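Asker: Take a look at the letters that make up each chain.
Protein chains: 4
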Amino acid sequence: MGFDLTYAAKRAEEFAKLRDWEQFHSLKNLSMALTGEIGELVEITQWMSDEEVTELLATSEGRARIEEEVADIAIYLVRIAQRAGIDLSEAVERKFSINEARYPVDTVRGTSVKYSERKS
Amino acid sequence: MGFDLTYAAKRAEEFAKLRDWEQFHSLKNLSMALTGEIGELVEITQWMSDEEVTELLATSEGRARIEEEVADIAIYLVRIAQRAGIDLSEAVERKFSINEARYPVDTVRGTSVKYSERKS
Amino acid sequence: MGFDLTYAAKRAEEFAKLRDWEQFHSLKNLSMALTGEIGELVEITQWMSDEEVTELLATSEGRARIEEEVADIAIYLVRIAQRAGIDLSEAVERKFSINEARYPVDTVRGTSVKYSERKS
Amino acid sequence: MGFDLTYAAKRAEEFAKLRDWEQFHSLKNLSMALTGEIGELVEITQWMSDEEVTELLATSEGRARIEEEVADIAIYLVRIAQRAGIDLSEAVERKFSINEARYPVDTVRGTSVKYSERKS
Chain A
1 MGFDLTYAAK RAEEFAKLRD WEQFHSLKNL SMALTGEIGE LVEITQWMSD EEVTELLATS
61 EGRARIEEEV ADIAIYLVRI AQRAGIDLSE AVERKFSINE ARYPVDTVRG TSVKYSERKS
Chain B
1 MGFDLTYAAK RAEEFAKLRD WEQFHSLKNL SMALTGEIGE LVEITQWMSD EEVTELLATS
61 EGRARIEEEV ADIAIYLVRI AQRAGIDLSE AVERKFSINE ARYPVDTVRG TSVKYSERKS
Chain C
1 MGFDLTYAAK RAEEFAKLRD WEQFHSLKNL SMALTGEIGE LVEITQWMSD EEVTELLATS
61 EGRARIEEEV ADIAIYLVRI AQRAGIDLSE AVERKFSINE ARYPVDTVRG TSVKYSERKS
Chain D
1 MGFDLTYAAK RAEEFAKLRD WEQFHSLKNL SMALTGEIGE LVEITQWMSD EEVTELLATS
61 EGRARIEEEV ADIAIYLVRI AQRAGIDLSE AVERKFSINE ARYPVDTVRG TSVKYSERKS
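Chains as they are written, first to last, in our numbering: chain A, 1 to 120; chain B, 1 to 120; chain C, 1 to 120; chain D, 1 to 120.
Keep in mind that the hints were calculated from the coordinates and are not lab data.
Keep in mind that the hints are not guaranteed to be accurate.
Unchecked claim - Reference listing, derived: stretches of chain C covered by chain D, where coverage requires no fewer than 3 residues with Cβ under 8 Å from a Cβ of chain D: (1) 5-16; (2) 30-42; (3) 50-60; (4) 85-98.
What the hints assert, rightly or not - Below, computed lysine to aspartate or glutamate pairings styled on DMTMM-like, alpha-carbon distance capped at 25 Å: (5) B:Lys28 to D:Asp20; (6) A:Lys17 to A:Asp4; (7) D:Lys95 to C:Glu13; (8) C:Lys95 to D:Asp106; (9) A:Lys28 to B:Asp87; (10) D:Lys10 to C:Glu68; (11) C:Lys28 to D:Glu22; (12) A:Lys28 to A:Glu68; (13) D:Lys28 to A:Glu55; (14) B:Lys10 to A:Glu90; (15) D:Lys17 to C:Glu52; (16) A:Lys28 to D:Glu51; (17) D:Lys17 to D:Glu68.
Quick caveat: nothing in here was measured; it's all calculated off a predicted structure.
C-beta: ideal position from N, C-alpha, C; glycine also.
Same shape as in the complex, but just chain A:
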């Protein structure tokens, strides 16, 4: 299940170039587009209980709805990284290390509230 970032970034770039849409793909505009897609993901489950979400994901139609929004987010994210000159693999690797240091297992185990407080 490797995700070929180089391929995805290249395909997203070509998609934009062919349509002359690179002119619209500033970091700010792409961040707004990402916001829109998050909104669409969130809307799907906003009124559901966790059980209803599980039922939704158990149907291929339901999973496809989630999948499409997740893919939209992924594509805009790859595009943002590309436009910002960020290596997404390295960025994620670095962030994992930061998080592992920031939330020591012994201190935060099982405690959601502490986590929220540390975050802010």
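Using the hints provided, position chains B, C and D relative to the given structure of chain A.
Answerer: Only chains B, C and D this time, still in chain A's reference frame:
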């Protein structure tokens, strides 16, 4: 620049398991966490002109700020895909095909507004 | 508990004018700022159960945290309406009527899923 | 242009009660719904230049599109305040005072970047 999704998903899962945080990682909660991270990304550039964004990205400190938020988004997205049983690679591949069909080059070239209207 | 919109809009405008921040308050930038504030609101409760949210709201400190984010959202929303030439009172009145027609009591009573589907 | 919060909160409550939707209106769910509406607002202008936004707002159809999303946000915000036991008027008043103290005119005048940094 391959992004090893299996590795990222596994590391995110272990991170949560070690801290007994899986109990908090429902799809709804993870979507909310993703919203929070988008908010943090957007806040960085909200008052900047496009030129100031370019200047920001030209400094290693500025790029690091963007990079950290992009990584947070990527990590939560990988986690959402994992919890939802979605193969992110396939999802992105499928969405590229949908987008290429939905926005034919000849019809939409250079036209942002039409794009917005077609979307909604 | 009347909310004096004229007053709030005027105070927000003066706040911006005194700081020479009107130059930054384009509709797009304000929408991004609004996104950031929503992110901050969502982050507070993202890992909490509904019971923990109730407990949070029962403490004055917890309610104050929610209150501050809600106020930030309200202020940016008033500012957006002002910059867009929108009368917020009329807009809300109109939207109530639209919603009441769109979701007839007999059809949607008690059904969250139907509501979601109708929305999209 | 007074905005009658008591009226809006009451109408929103009755709307939910009549449809037996109060069961879905937890603070978390309402925050997610708010996120979705912000996403819809942001999507309208995401690819536009500031000039195109001005043109959009100059047409009654364009302004109506923005207005509808702004109203959706306002309604969910009123509802969130109501469910959280927050007096929106007081909250906004208090936040204006905080902001005025936090961003002294002499220090921040004309400086967007400083503002962003102080925020985070």
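Asker: What hints, given by number in increasing order, does this structure fail?
Answerer: 8, 9, 11
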